[in-house]
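S.K.: Fit chain B to the known structure of chain A by using the hints.
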Amino acid sequence: MNLNFLHALAGTLIDVLPIAVIIFGFQVFVIRRPIANLRRVLLGFVYVLLGLALFLDGLEIALFPLGKLMAEQLTDPGFLYGAMRPAADALLNWQDYLYVYLFAAAIGFSTTVAEPSLLAVAIKAREVSGGAIGIWGLRIAVAIGVGVGIALGAFRIVTGTPLHYYIIAGYVLVLLQTLFAPKNIIALAYDSGGVTTSTVTVPLVAALGLGLASTVPGRSPLLDGFGLIAFASLFPMMSVMGYAQISHWRARRQQDRIHEPPED
Amino acid sequence: MVWYPSDGLRGCIVKEYFLPLFRSLLDSLRDLLPILLVIAFFQLVILRQPIPNLGELLYGTALVVVGLTLFVQGLEMGLFPLGEGMAYAFARKGSLVWLLAFAFALGFGTTVAEPALIAVADEAAEVAALGGAIDDTPESREDYADGLRLTVALSVGIAIVIGVLRIIRGWPIQYLIIGGYLGVVVMTAFAPEEIIGIAYDSGGVTTSTITVPLVTALGVGLASSIRGRNPMTDGFGLIAFASLTPMIFVMGYGMLIG
Chain A
0 MNLNFLHALA GTLIDVLPIA VIIFGFQVFV IRRPIANLRR VLLGFVYVLL GLALFLDGLE
60 IALFPLGKLM AEQLTDPGFL YGAMRPAADA LLNWQDYLYV YLFAAAIGFS TTVAEPSLLA
120 VAIKAREVSG GAIGIWGLRI AVAIGVGVGI ALGAFRIVTG TPLHYYIIAG YVLVLLQTLF
180 APKNIIALAY DSGGVTTSTV TVPLVAALGL GLASTVPGRS PLLDGFGLIA FASLFPMMSV
240 MGYAQISHWR ARRQQDRIHE PPED
Chain B
0 MVWYPSDGLR GCIVKEYFLP LFRSLLDSLR DLLPILLVIA FFQLVILRQP IPNLGELLYG
60 TALVVVGLTL FVQGLEMGLF PLGEGMAYAF ARKGSLVWLL AFAFALGFGT TVAEPALIAV
120 ADEAAEVAAL GGAIDDTPES REDYADGLRL TVALSVGIAI VIGVLRIIRG WPIQYLIIGG
180 YLGVVVMTAF APEEIIGIAY DSGGVTTSTI TVPLVTALGV GLASSIRGRN PMTDGFGLIA
240 FASLTPMIFV MGYGMLIG
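Residue numbers (numbering that gives the first Met the number 0), protein chains in the order written: chain A, 0 to 263; chain B, 0 to 257.
Please note that a few of the clues may not be correct.
[As the list claims (entries may be wrong)] Chain A stretches covered by chain B per the calculated footprint, using a threshold of three residues with CB under 8 angstroms from any CB of chain B:
1) 6-15
2) 61-74
3) 122-132
4) 160-174
5) 180-192
6) 196-202
[To be verified] Distance windows between CB atoms, simulated:
7) B:I50 / A:Q94: 26 to 34 angstroms
8) B:G54 / A:G10: 18 to 26 angstroms
9) A:A19 / B:S23: 23 to 31 angstroms
10) B:D134 / A:L175: 43 to 51 angstroms
11) A:G77 / B:P114: 32 to 40 angstroms
12) A:I13 / B:L28: 26 to 34 angstroms
13) A:V45 / B:W170: 32 to 40 angstroms
14) A:Q244 / B:D134: 45 to 53 angstroms
15) B:L46 / A:A250: 39 to 47 angstroms
16) A:H6 / B:L57: 17 to 25 angstroms
To be clear, the hints were calculated from the coordinates, so they are not data collected in a lab.
For every residue, glycine included, the Cβ atom is placed at its ideal position computed from N, Cα and C.
One chain only, chain A, in its complex shape (with noise of 0.2 angstroms):
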């Protein structure tokens, strides 16, 4: 295999090491008892390490660079000016930068629907839930969710607005959202908000900050570059509140269309 592929899985293997020690540790020092089906977990953990390197061997292969580019190229100078007005006209409106947020919607919701924690966090919750949260119903809310996200840190960026401002008025709308989302999603909507950053998230929305804050006139890429993984964390909590209250509004009233006519 090449090299990538040997930096990756050292990468996944230090990873994994501090939690194996930690466990393997508590197993034998304090739980004193043998792991169950020992050859079986141990044949997982070396797929799961197996598996991430692969997957982020191939993304530093194929998506990384494509993604990272786009996302210099349509926050380039030359892009937007170009496409727009006469370079005379040097600061731009918000309004130039549409396709800035459409990518940065399209890209939020996409790779949020390949990452991985996700994955696990919708396949437990299906478990738990004994069906009624589909799979992909949780992942594309979330999508959804990130996607929008995204797409309005972007906005914060070109318009330079406080990031504080945008977060807490969040906080004041999930806040409300708890009060009226069914009890049982709550827990589960507050750690998507969690889960939907990692691997393949990060650092294309990174670059994408990036690019953003040091093409508009007036941002600093170490001071506003940041902020965007704050907004992904963050509209994932009410789009899936918002999908549960949705879905338990369908099933009532799915259920009174079943009481309606009058039995006799």
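M.R.: Just chain B now, kept in the frame of chain A:
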């Protein structure tokens, strides 16, 4: 009734082994399809450029598909049973102290070496040096980044401990999370401005792809092994704490050092 000539031993192997494998490969491909469509659309329609290195793109995509398939297999075989098994074992043992020690070790240990966190900590040190909060020398930057990493790892360890306590006691998650949000808002008012963006981002980057399944299985396992807890309402939520506390701790770190 339709009779398939391939039924028989070979048909059995095909049905039992290759068909599921093929199906999960297809599933992985479907997961990846949106990214491919987005990239193709923006490259061809908006930027109007050919797709460079089509061969590499296809090769890389094939690797990603195989990797994702293996990962999901490994989840079901290794990480999920292990996380749940540990949860049951601790519940049977009945020692709260050891369970909390395990929770802390898991949170701290998986975060401190997390590559995404190392990258964010280095960037934060650069921002701090530019802002004049610390001396602009490699040593002081490294000290700052290391301190930040330990701070975040500590905060994730504490988060998992609080989350596990919540599952055991059955506290409703929303009060704790809303309390945490209030903490974030209050800290935002006092923290130096240049740390705020990094602090908000640090909440999202701490939980890696291997930690998430393990911690989720641990929470669900605990909630299903304790009487009176519902795995759906009580089992989830550990990740939520792990993405909340780093924001508060990182802003606190910025205030102490700055």
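S.K.: A separate judgement is required for each hint: does it hold in the structure or not?
M.R.: Hint check results:
Closer than 8 angstroms: that is the beta-carbon criterion, and the stretch 6-15 of chain A has 5 residues meeting it against chain B, so the requirement of 3 holds. Coverage of a stretch by a chain is defined here by at least three residues with a beta carbon nearer than 8 angstroms to that chain's beta carbons; for the stretch 61-74 of chain A and chain B the count is 7, and the condition holds. Coverage of the stretch 122-132 of chain A by chain B holds in this model, with 5 residues showing a Cβ closer than 8 angstroms to a Cβ of that chain against a need of three. Counting residues of the stretch 160-174 of chain A whose CB falls under 8 angstroms from any CB of chain B gives 7; the rule of at least 3 is met.
Under the rule that three or more residues need a Cβ within less than 8 angstroms of chain B, the assignment of the stretch 180-192 of chain A holds, with 8 such residues. Here the stretch 196-202 of chain A counts 5 residues with a CB under 8 angstroms from a CB of chain B, which clears the bar of 3, and the coverage holds. At about 29 angstroms, the CB distance of I50 (chain B) to Q94 (chain A) agrees with the hint of 26 to 34 angstroms. The hinted range of 18 to 26 angstroms is satisfied by G54 (chain B) and G10 (chain A), whose Cβ atoms lie roughly 25 angstroms apart.
Between A19 (chain A) and S23 (chain B) the C-beta distance comes to about 25 angstroms, which sits within the given range of 23 to 31 angstroms. The given range of 43 to 51 angstroms is respected by D134 (chain B) and L175 (chain A), whose C-beta atoms sit roughly 45 angstroms from each other. The hinted window of 32 to 40 angstroms between G77 (chain A) and P114 (chain B) holds, with their beta carbons roughly 33 angstroms apart. Taken as a hint, the range 26 to 34 angstroms holds for the pair I13 (chain A) and L28 (chain B), whose Cβ atoms sit roughly 29 angstroms apart.
In this structure the hint that V45 (chain A) and W170 (chain B) lie 32 to 40 angstroms apart at CB holds, the actual value being about 38 angstroms. A hinted range of 45 to 53 angstroms holds for the C-beta pair Q244 (chain A) and D134 (chain B), which are about 52 angstroms apart. Between L46 (chain B) and A250 (chain A), the C-beta spacing of about 44 angstroms keeps the proposed range 39 to 47 angstroms intact. Taking 17 to 25 angstroms as the suggested C-beta distance range, the pair H6 (chain A) and L57 (chain B) conforms, at roughly 21 angstroms.
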